[in-house]
Amino acid sequence: MSYSQFCVFLSSLDQPYNDWSDRSYAQGFAWRLGSVSFRALIDEGDHIISLFINEQVPAISADVVRAFKVPFAVRD
Numbered sequence: 018m019s020y021s022q023f024c025v026f027l028s029s030l031d032q033p034y035n036d037w038s039d040r041s042y043a044q045g046f047a048w049r050l051g052s053v054s055f056r057a058l059i060d061e062g063d064h065i066i067s068l069f070i071n072e073q074v075p076a077i078s079a080d081v082v083r084a085f086k087v088p089f090a091v092r093d
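In terms of my numbering, the sequence shown is residues 18 to 93.
Hints are not guaranteed to be accurate.
To be verified - Here are the computed distance ranges between Cβ atoms for each label pair:
no.: 1; residue 1: Ala90; residue 2: Glu61; range: 27 to 33 Å
no.: 2; residue 1: Asp39; residue 2: Ala76; range: 30 to 36 Å
no.: 3; residue 1: Asp36; residue 2: Ile59; range: 18 to 24 Å
no.: 4; residue 1: His64; residue 2: Ser28; range: 19 to 25 Å
no.: 5; residue 1: Ala76; residue 2: Gln44; range: 18 to 24 Å
no.: 6; residue 1: Val87; residue 2: Ser28; range: 15 to 21 Å
no.: 7; residue 1: Ser29; residue 2: Ala79; range: 34 to 40 Å
no.: 8; residue 1: Tyr34; residue 2: Val82; range: 19 to 25 Å
no.: 9; residue 1: Tyr34; residue 2: Leu68; range: 24 to 30 Å
no.: 10; residue 1: Leu30; residue 2: His64; range: 21 to 27 Å
no.: 11; residue 1: Cys24; residue 2: Gly62; range: 14 to 20 Å
no.: 12; residue 1: Leu50; residue 2: Ala79; range: 31 to 37 Å
Stated by the list, open to error - With a straight-line cut-off of 25 Å between C-alpha atoms, the simulated SDA-like cross-links for lysine to any residue are:
no.: 13; residue 1: Lys86; residue 2: Ser52
no.: 14; residue 1: Lys86; residue 2: Pro33
no.: 15; residue 1: Lys86; residue 2: Cys24
no.: 16; residue 1: Lys86; residue 2: Gly51
no.: 17; residue 1: Lys86; residue 2: His64
no.: 18; residue 1: Lys86; residue 2: Phe46
no.: 19; residue 1: Lys86; residue 2: Pro75
no.: 20; residue 1: Lys86; residue 2: Ala57
no.: 21; residue 1: Lys86; residue 2: Tyr20
no.: 22; residue 1: Lys86; residue 2: Val53
no.: 23; residue 1: Lys86; residue 2: Ala47
Calculated from the structure, these hints are not laboratory results.
All values reported here derive from a predicted model rather than from experimental measurement.
Virtual Cβ for every residue (Gly too), placed ideally from N, Cα, C.
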């Protein structure tokens, strides 16, 4: 967690962090090829984050506050 965002990106990117537009801020994430950033709902405290890569995504339980599905390719 950095600056109230959780980021996943390819290590090969020179500029891995995304610019946040008003639209991306409102929707809760900023995405571009090789990089995605998710806005935290709170600035500090505990967060539970689950990632599902190349696996079946389980049904979303009733206690989930927010869920995203974004395209992201991982290279070996």
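*Could you tell me which of the hints above the structure violates, numbers in ascending order?*
When the structure is compared with the hints, only number 9 turns out to be violated.
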